[in-house]
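Chemist: The residues making up each chain are set out below.
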Amino acid sequence: NAGVIQTPRHKVTGKGQEATLWCEPISGHSAVFWYRQTIVQGLEFLTYFRNQAPIDDSGMPKERFSAQMPNQSHSTLKIQSTQPQDSAVYLCASSLVGGSSYEQYFGPGTRLTVL
Amino acid sequence: GDSVTQTEGLVTLTKGLPVMLNCTYQTTYSPFLFWYVQHLNEAPKLLLKSSTDNKRTEHQGFYATLHKSSSSFHLQKSSVQLSDSALYFCALSEGTNTGKLTFGDGTVLTVKP
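Protein sequences appear in the order of chains L and W.
Numbering-wise, the numbering used here puts 85 at position 85 of the first sequence, and it's gapless, one number per residue.
In short: position in the second sequence from 1, add 1000, done, that's the numbering used here.
Honestly, the hints are just simulated from the structure, not real lab data.
Every value quoted in this text rests on a predicted model; they were computed, and no experiment measured them.
Among the hints, a few may not be true.
Claimed, not checked - List of simulated lysine-lysine pairs, DSBU-like, C-alpha gap at most 35 angstroms: (1) W:Lys1015 <-> W:Lys1045; (2) W:Lys1045 <-> L:Lys62; (3) L:Lys11 <-> W:Lys1045.
Unchecked claim - Some chain W residues judged to face chain L by a derived CB distance under 10 angstroms, without partners named: (4) Glu1042; (5) Ala1043; (6) Asp1105.
Claimed, not checked - Example chain L residues on the side facing chain W (calculated, C-beta under 8 angstroms, incomplete): (7) Gly42; (8) Leu43; (9) Phe45; (10) Tyr48; (11) Leu91; (12) Gln104; (13) Gly109.
Every residue gets a Cβ at the ideal spot worked out from N, C-alpha and C, and that includes glycine.
From just these sequences and the hints, can you work out the full model?
Modeler: Next comes the structure, spelled out in structure tokens:
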């Protein structure tokens, strides 16, 4: 079990550029979550997929951020026109099924730095 | 909306001493509470979880009891070790199918020799 895989581990972009972050959930897990971690805001929920369908995107900034899950083996988080305030560690997590009692397994994160 | 409060931002202790990290929450739903631990440059990992009122749950020497009457889920350990130095998050999931976690601000625990 390789765990949740996130690529790249580090990404540096210039202001205004696009950034695409990738997540491969644990095989057999049907729920995928995206979170953002910063010193100031802590860990914040962004969005959630279950069986590849978007279920809850209440934490996603309304502009410039989008997430997809085209198949059961990967999800992407895309940030258009990146801004310095987007600098954060973006964490992907998966769980066996969506639901409160199921453990979420986190990936190592992608550290995004916007210059 | 849901919220989680961790009152200590930084706790520094000497090895062998007991520790309690505070966690209180607010939700209108039936709560599931979690403690996650994050070591430096690593992913958060689940330490404890509970949804049962007044039942102690334990793992790796850490323990916590969910008290719905006081909306609390404090993390305790009787004797901290150097390897316990890490960032600890309390998190809340509402009792529905979403499973999304609301995290507290986290407590950095530093254990000194």
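Chemist: Hint by hint, say whether it matches the structure.
Modeler: Now the hints, each set against the structure:
Simply put, lysine 1015 of chain W and lysine 1045 of chain W have alpha-carbon atoms about 22 angstroms apart, close enough for the 35 angstroms limit, and the pair holds. Straight-line distance between C-alpha atoms of lysine 1045 of chain W and lysine 62 of chain L comes to about 29 angstroms, which keeps the hinted pair within the 35 angstroms bound. With a CA separation close to 23 angstroms, the supplied pair lysine 11 of chain L and lysine 1045 of chain W stays within the 35 angstroms bound. Interface restraint check: glutamate 1042 of chain W against chain L, minimum CB-CB distance 7 angstroms, threshold 10 angstroms, status holds.
Evaluation of the alanine 1043 of chain W hint against chain L yields a held restraint, the C-beta minimum of about 4 angstroms falling below 10 angstroms. A least Cβ separation of about 5 angstroms between aspartate 1105 of chain W and chain L falls short of the 10 angstroms threshold, and the interface hint therefore holds. Hint status for glycine 42 of chain L: holds, given a least beta-carbon distance of 5 angstroms to chain W, under 8 angstroms. About 4 angstroms separates the beta-carbon of leucine 43 of chain L from the nearest beta-carbon of chain W, less than 8 angstroms, and the hint is met.
Because the beta carbon of phenylalanine 45 of chain L sits about 5 angstroms from the nearest beta carbon in chain W, less than 8 angstroms, this interface hint is met. At a threshold of 8 angstroms, the smallest CB-CB gap from tyrosine 48 of chain L to chain W is about 5 angstroms, leaving the interface hint in force. A hinted interface residue such as leucine 91 of chain L counts as satisfied when its beta carbon comes closer than 8 angstroms to some beta carbon of chain W; here the least separation is about 7 angstroms, so the hint holds. For glutamine 104 of chain L, the interface hint holds, since its Cβ comes within 8 angstroms of a Cβ in chain W; the closest pair sits about 7 angstroms apart.
Interface hint at glycine 109 of chain L: satisfied, since its Cβ lies 6 angstroms from the closest Cβ of chain W, which is below the 8 angstroms cut-off.
The structure fails none of the hints (numbered hints given earlier).
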